[in-house]
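> This is what each chain is made of:
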Amino acid sequence: DQQVKQNSPSLSVQEGRISILNCDYTNSMFDYFLWYKKYPAEGPTFLISISSIKDKNEDGRFTVFLNKSAKHLSLHIVPSQPGDSAVYFCAARDSGGGADGLTFGKGTHLIIQP
Amino acid sequence: EPEVTQTPSHQVTQMGQEVILRCVPISNHLYFYWYRQILGQKVEFLVSFYNNEISEKSEIFDDQFSVERPDGSNFTLKIRSTKLEDSAMYFCASSAGGYTGELFFGEGSRLTVL
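Respectively, the protein sequence lines represent chains C and W.
Be aware that the first sequence starts at 1, since it is given in this note's numbering, and climbs by one per residue.
Be aware that the second sequence starts at 1, since it is given in this note's numbering, and climbs by one per residue.
Simulated from the structure, these hints should not be mistaken for laboratory data.
It is possible that some hints are incorrect.
Here are the simulated distance ranges between beta carbons [unchecked claim]:
1) 38(W) to 7(C): 16 to 22 Å
2) 70(W) to 68(C): 40 to 46 Å
3) 66(W) to 15(C): 43 to 49 Å
Remember, predicted model here, so these are calculated numbers, not experimental data.
Note that the Cβ used here is the ideal one computed from N, Cα and C, for glycine as well.
This is chain C alone, in the form it adopts within the complex:
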C-alpha cells in the first residue's frame, strides 16, 4: 500500500532550467510533508518541508507547493545546478496517531545535465 507515491523514478533536466519533482499521497491524515535529498552512499538529508496549513514554502532555490484537495505536492528547483543531481524523497507525517516516523515515497532520481 503506497501511501506516498513518486511516480517518476527519474528525471533529467538541463542545468539552469527548472526541475519539478512530484509527489502524491493517499492518506488524508498526513499533515506535514518533507523533501529529503540523498546522494549515493549517504543518508537522506532534509531539504524543505511544508505544513498542511500552507500551500507554498520557499527556501532559496527550492519551493514546495502543496495542493491538499488533490493530495499532491511538488518540489521546484530553479535554477537547477549540477550538485542537485541526487535522489529526492518525498515524505509525510501522520497526525492521526499512526507511526510517528515518516512515510517515504520511492524517490525520484534527478539528473542535471550540463
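Following the hints, put chain W in place on chain C, whose structure we already have.
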C-alpha cells in the same frame, strides 16, 4: 556541524546470525529512529524511540528486531536471527523533537545476509 554516525558501514553475515548495528545520534536530540532501504525500494520506517522506550514500530519490526540505548549515547538495532530478506541499508535518524522536527540521518549501515 553535528551529525549522526553509524557503524559498521558494511556488514556481511550468514543467515541465522545475530547482527547489531550501532548509531550515535546528535547529542541533544531526544527522538531516535531506524529506517531501512532494500536495494531499489523506498526508505521504510522500522521503529521510533523516545524516553528509553519504543514509541512506535512498523509491521516490519517483528520479534527478530530489538532496539536499545544502553549508555545514553549509543542507539542500537539488533537483529536476532538474520534472514536473506534483511539485506538492506539501515539508516539511523535522530530529531530534537516536536511535530515538525526534521530528522537527521546517518550515512547508513549496509547489511548483506548470505
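> All hints are to be evaluated individually against the structure, with a verdict given for each.
Quick rundown of the hints versus the structure:
Distance hint check for residue 38(W) and residue 7(C): the Cβ-Cβ separation is about 20 Å, which falls inside the suggested range of 16 to 22 Å. For the pair residue 70(W) and residue 68(C), the beta carbons lie near 43 Å from each other, so the given range of 40 to 46 Å is met. A hinted range of 43 to 49 Å holds for the C-beta pair residue 66(W) and residue 15(C), which are about 47 Å apart.
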